[in-house]
Amino acid sequence: MLRGLDVLGAPPPAVRQTDSGEPSRRRVSNGVERDVPLRLYVDSFRQKIERNGLLNGAQLSAERVRIDPIVSVAIRSDGSVESVMIVRSSGHADIDAAVRRIVRLNERYGVFPPNVAVQFDVIEIRRIWTFAEGLKLIEEVR
Numbered sequence: 702m703l704r705g706l707d708v709l710g711a712p713p714p715a716v717r718q719t720d721s722g723e724p725s726r727r728r729v730s731n732g733v734e735r736d737v738p739l740r741l742y743v744d745s746f747r748q749k750i751e752r753n754g755l756l757n758g759a760q761l762s763a764e765r766v767r768i769d770p771i772v773s774v775a776i777r778s779d780g781s782v783e784s785v786m787i788v789r790s791s792g793h794a795d796i797d798a799a800v801r802r803i804v805r806l807n808e809r810y811g812v813f814p815p816n817v818a819v820q821f822d823v824i825e826i827r828r829i830w831t832f833a834e835g836l837k838l839i840e841e842v843r
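Numbers in our numbering are just positions in the sequence shown, counted from 1, shifted up by 701.
If you are wondering where the hints come from, they were derived from the structure by calculation, not from laboratory data. Quick caveat, the model's predicted, so the values are computed rather than measured. A portion of the hints provided could be inaccurate.
Calculated lysine to aspartate or glutamate pairs in the EDC-like style (CA-CA distance at most 20 Å, straight line) [what the hints assert, rightly or not]: (1) Lys-749 to Glu-841; (2) Lys-749 to Glu-834; (3) Lys-837 to Asp-797; (4) Lys-749 to Asp-779; (5) Lys-749 to Glu-825; (6) Lys-837 to Asp-779; (7) Lys-837 to Asp-769; (8) Lys-837 to Asp-744; (9) Lys-837 to Asp-795; (10) Lys-749 to Glu-783; (11) Lys-749 to Glu-840; (12) Lys-749 to Asp-797; (13) Lys-837 to Glu-808; (14) Lys-837 to Asp-822; (15) Lys-749 to Glu-808.
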């Protein structure tokens, strides 16, 4: 039965070492991963933020946001938020604070599926947040 849990999973990523010599079980998701269960988890995060983001009192409009912020949200395997980092600011402190508030108000994201939790303890989801026609999280193009 356990053998079937990772049928859709890709082989584990290369193990990186932390400063203390322990293997790192952290993954940065910037939209290019091919791991289907991981991609589905990240997509569920995106949908929750887009659906509930502007309902939580954030009065953000496209006219005020001239630069779309790039935000990195680190989520632990239990669904709790480890950190919210503004990688590129919108240029307005109140908008950056609203982005952090949106992430925190929607906290208690889903726990990692078993085949993702086996590989990772933390997933960093890095997306461009755009407010053009409602809130949208867009994958970075490199």
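Going down the list of hints, with the structure as the test:
no. : hint               : in the structure
1   : Lys-749 to Glu-841 : holds, 19 Å
2   : Lys-749 to Glu-834 : holds, 16 Å
3   : Lys-837 to Asp-797 : holds, 15 Å
4   : Lys-749 to Asp-779 : holds, 16 Å
5   : Lys-749 to Glu-825 : holds, 16 Å
6   : Lys-837 to Asp-779 : violated, 25 Å
7   : Lys-837 to Asp-769 : holds, 10 Å
8   : Lys-837 to Asp-744 : holds, 12 Å
9   : Lys-837 to Asp-795 : holds, 18 Å
10  : Lys-749 to Glu-783 : holds, 17 Å
11  : Lys-749 to Glu-840 : holds, 16 Å
12  : Lys-749 to Asp-797 : holds, 19 Å
13  : Lys-837 to Glu-808 : holds, 18 Å
14  : Lys-837 to Asp-822 : violated, 26 Å
15  : Lys-749 to Glu-808 : holds, 10 Å
Checked against the numbered hints above, the structure violates hints 6, 14; every other hint is satisfied.
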